[in-house]
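Listed below are the residues making up each chain.
Protein chains: 2
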Amino acid sequence: QDWRSRKKVQIFQYVILKWAFALLIGLLTGLFGIFNNIAVENLSGFKLLMTTNLMTQHKYFKAFAVFAGCNVVFAAAAATLCAFISPAAAGSGIPKVKAYLNGVDAYSILAPGTLFVKIFGSVLGVSAGFVVGKEGPMVHTGACIVDRRDLITCGAAAGVAAAFRAPVGGVLFALEEAASWWRSTLLWRTFFTTAVVAIVLRAFIQICSTGRCGLFGEGGLIMYDVSAAAVMYSGADILAVILLGTIRGIFGSLYNYLVDKVLRVYSILNRKGAAFKVLLVIIISLLTSCCAYGLSWFATCIPCPTHESISCPNTDESGNNKSFQCPPGYYNDLASLFLNTNDDAIRNLMSTSTVKEFHIHTLIIFFAAVFCLGIITYGIAFPTGLFIPVILAGACYGRLVGRLFETISKLDAGLFALLGAASFLGGTMRMTVSLCDILLELTNDLLLLPLVMLVLLISKSVADIFNKGVYDQIVKLNGFPYLEAHAEPYMRQLVALDVVSGPLITFSGIEKVGNILHALRTTGHNGFPVIDDPPLSDAPELCGIVLRSHLLVLLKGKAFSKDRIFAGEEIFHRFAVFDFAKAGSGKGIKVEDLDIEEEEMDMYIDLHPITNTSPYMVVETMSLAKVALLFRQLGLRHMCVIPKSQGRPPVVGILTRHDFMPVHILGLYPHMKPHK
Amino acid sequence: QDWRSRKKVQIFQYVILKWAFALLIGLLTGLFGIFNNIAVENLSGFKLLMTTNLMTQHKYFKAFAVFAGCNVVFAAAAATLCAFISPAAAGSGIPKVKAYLNGVDAYSILAPGTLFVKIFGSVLGVSAGFVVGKEGPMVHTGACIVDRRDLITCGAAAGVAAAFRAPVGGVLFALEEAASWWRSTLLWRTFFTTAVVAIVLRAFIQICSTGRCGLFGEGGLIMYDVSAAAVMYSGADILAVILLGTIRGIFGSLYNYLVDKVLRVYSILNRKGAAFKVLLVIIISLLTSCCAYGLSWFATCIPCPTHESISCPNTDESGNNKSFQCPPGYYNDLASLFLNTNDDAIRNLMSTSTVKEFHIHTLIIFFAAVFCLGIITYGIAFPTGLFIPVILAGACYGRLVGRLFETISKLDAGLFALLGAASFLGGTMRMTVSLCDILLELTNDLLLLPLVMLVLLISKSVADIFNKGVYDQIVKLNGFPYLEAHAEPYMRQLVALDVVSGPLITFSGIEKVGNILHALRTTGHNGFPVIDDPPLSDAPELCGIVLRSHLLVLLKGKAFSKDRIFAGEEIFHRFAVFDFAKAGSGKGIKVEDLDIEEEEMDMYIDLHPITNTSPYMVVETMSLAKVALLFRQLGLRHMCVIPKSQGRPPVVGILTRHDFMPVHILGLYPHMKPHK
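As they're listed, the protein sequences go chains A and B. All residue numbers for the first sequence refer to the working numbering, where the first residue is 1 and numbers rise by one. All residue numbers for the second sequence refer to the working numbering, where the first residue is 1 and numbers rise by one.
A hint or two may mislead.
Each pair may be met inside one copy or between any two copies, as identical chains are not told apart.
[What the hints assert, rightly or not] Each computed DSBU-like pair below joins lysine-lysine, with the alpha-carbon atoms no more than 35 Å apart:
id, residue 1, residue 2
1, K644, K558
2, K644, K512
3, K410, K18
4, K18, K476
5, K644, K556
6, K468, K261
7, K59, K468
8, K261, K59
Keep in mind that the hints were calculated from the coordinates and are not lab data.
Looking at chain A on its own, in the form it has when it is part of the complex (with noise of 0.2 Å):
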């Protein structure tokens, strides 16, 4: 790729290009998680706002309709931007940065439109009160700024970074989860990118602080506040916490099984065009409205307590102790959590010192639905993140879990909710080192350390045994061509031939032009071997690998001869010096645009200099598992296969990243036994 050498002014050029863009993507990601934050804090405050005040003037009915009605709009909003401009920017996003990162090329997912559906959708989604997080669209985000993969990197760290205010804790996302390779230079580049948006956040909530920020209060950024509790925990803890984590490590695989399911029923409903996922999402949005507000019916009102200092009952748009439906001097405590913002909520199961705040039924009720509303809202046609629901649900069934074992354990409640947040994310993303990190960043205390190593270690592996990351679910649910790390294990009883499919195309070394012209037109293939055949050289040999782009540009500059005859260094005078460069999203020659005429189909063509001479290969014989690896570490996009014994083709085949997929080779070979 790096055959034409470059001046060191240029270098110097794109070295200090890289960091402003790091720069860039720092600063952009921490404005819009900024905007993000206060716009949702404006939004649902407001409706929040309208309709507790309807209540206290008990005007049921109106206040229901104020807050589905919101919520519908926003709903509609939302998903009318996102099937209408860019479909694309729907749902999380990770796993399609994730996929990107492996080397899978699907251009539109980072197309200016997404980001801006994103940022939009991701706000009016938030705000109608879906079960939805922010921080999915917000990495998505991050990486739609640019347009370069290690780029990419930096802004999916940023926006994790962005997500919880942890800067090291995006890094280490970035490391563990979003990419598929890592290079020493790529961290201190990617610290810079969120340590940048740290700062940025830091000084926002200075600014908010003083109330300039409209509804934005005290909320908004997460920021979960459990120092006050003290840490000091027993053999009994120990033991309730090893429950805790063991059935969340079921729950959590239940719930990667249940979203994997919808997902297929919804990409059937989603097919049926536009309106139809508008139509969907308002469904769900009425769905969630009735759930809030009509189970809050169901429980009962609590005395405010009597020695505390915070206002009860609440009538703001934020904060504990709703009042909902209850008399003066009384609280709802479902409503607390339902009629919030899922920040809020959070907040409020893990505020600490109030272990009686919720009543067990309530924390079962809000439990229940939060887990079946985050599992059918996840897929339906606006930017939706995982993160929050996940949060959301396991915080509620950590402190449900607290409740229950109040007798024999004294963690507070709030411990056992944030400890509950942390299983739950390991049983479905299984991030683990990331996860202890945010939390670490978070809490601010080493001491819960070791509580929530061992309850991601546990949910981590009981989840492990029956299926996969929420994340990896998607990517293969998407179809993307995703290398796995590792190899599967059939791969050792195959070689690369093995595994090679299709008829190989390959030029001569001064190639017709018609024939190129052909095979560019009836394959889809991106690389193509060239061969030097006699008279050219004395037996035919590889030459090495041409790129289609490559091609569509040296076809485009019609450098075509009469002849079979070298082409010359004058070739290159042709050509701009970023000619051959990569082309951005989309922006490349299509085989349409080419415009040869008949009597040129005839004339030759030399390849030789746009011939990468250098091109990956590995002998047929070659272990595919050893293949696999290679492939992987190397970031590769084709590699060529050659022939052992002598007297046959220079090269019998070409390896691409669909050829290692686990679909094709026991396509195949039907009886290998995948991996579980």
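Following the hints, complete the assembly by docking chain B onto the known chain A.
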């Protein structure tokens, strides 16, 4: 390597074992860290108490004799341990671990004797008052505990985590500085290890805080608390910080340059024998004692601040405001730095709200002394760390700059000391992310991050102009064949065949015992290509590679036959399952151990069962830059070079790590311009 598939139970055992080892490393490293700190605090506390008591009785010469005597005794003990038991334990250890993780085999560096010397030598060396640290040895200690590549990564991370009590910092250090390869699973295991270390340390500190650890008070484990200082900065402060970073980058590279020179001198001196090594250590020890004691006399006595609650003058074993020769009510600021453990001196320098505590000329004297002593101390024969000298000099320099800028900058002098330490670390070690994270974990202040990053970015960039990081220098100086992450530019002009060196020794598929024995005895090669000649195949073709260690096992088993026949399956019954597994350090069979009789020399042995039939290979015309990338990315030890055209032997050479060394390549092609 994995040519014999294992059973499921064995895989499970293996996984359990790995985690158990990770836990063990964490526990042991944590315990060693604790032991180290308690021992150092007690030994040097005892020494300093005696000295201070004699000083208060005005017995100045006796005080010096005790001080210097203790130092010499400790130093001589450390040097004796190191010189006679394990010379490999000298120095920081980080360069060795780095080289080992890059794939350089140097068995003795990780032997149990090394571990023993590291632990006790480091304690004695630090207690002897040298300007050395315990971080490097601790990393090496962590690495010594086990002898597997990925567990050593865990160990190195554990070492840093133990030194700074920063679990995530340890992981990032391993990722950024130590490891050459990285896998996602490794991240989780490394974090697990560092978390265990952090928890162990935390538990012990709680125990020690009740005063059960002798003279181990609040000191010991590095923990700089600058959180008391308000971090608000203006343009002038940033200017000061930029200046600080720039000058520091120059100092840092100067430091590296001088360390390199001094090390070259020492390596000559050290070759003269163990006794000479000990003598050198004693001389340096006396010099250090003279500096510390003698220079303290140059400081003027400062009246104790009246408004503060701390004891002044201080006659404890640690702490600020040493009395030294001053009359009651006065203190000697230089003695507060010199007659203290390094950890305490750093804490004193970084103490906040004590702007005027140290005179400018005190800081200049101390900086000059520490800078010079640090340089001449590294490289003498006992375990020395580089972190602490660098932090000490850096903190002193930072505080000095803070004093000089105090009229225009409002930053606290303690903060300046911290920034100075960070910039010197950046200028010397060129670490970035791990350093930021460690400082973040130590200070817990996100607002400090922009300044730290700025100063690191500047000092690293400035220092990079002049030379490489100090660890890379030492790796190079030791002559380890370290593979760089990036190929050198001149490699693009060469192809694989250009650097193949030496006569190629190949074996036939069924080879005479005598030939094999001869090859093993006359060469040091670790891998030999196996070629199937007629009549085993139609034409000579490459069968694979056999490893020296496997050959030795096979020869020892004496599976010989009179004729050239295939050995068949029954050969495996002659060997136990793990006979071919990788032997531990130095436990493998040696050529001399073989006992082959004369008549056996003419017999044949079938190499096919032990041949790795899927060796990595490249075509001779492949760009060397690409080959180097492949070699490094896959962590190979040898690679076959195959011919491009047909009708030649099936393998034209073997590439090993040494063939990629600039020394080797530039020796062959002197006209190539090396990268600066």
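Structure-inconsistent hints, enumerated in ascending order = The structure conflicts with hints 7, 8, although it agrees with all the remaining ones.
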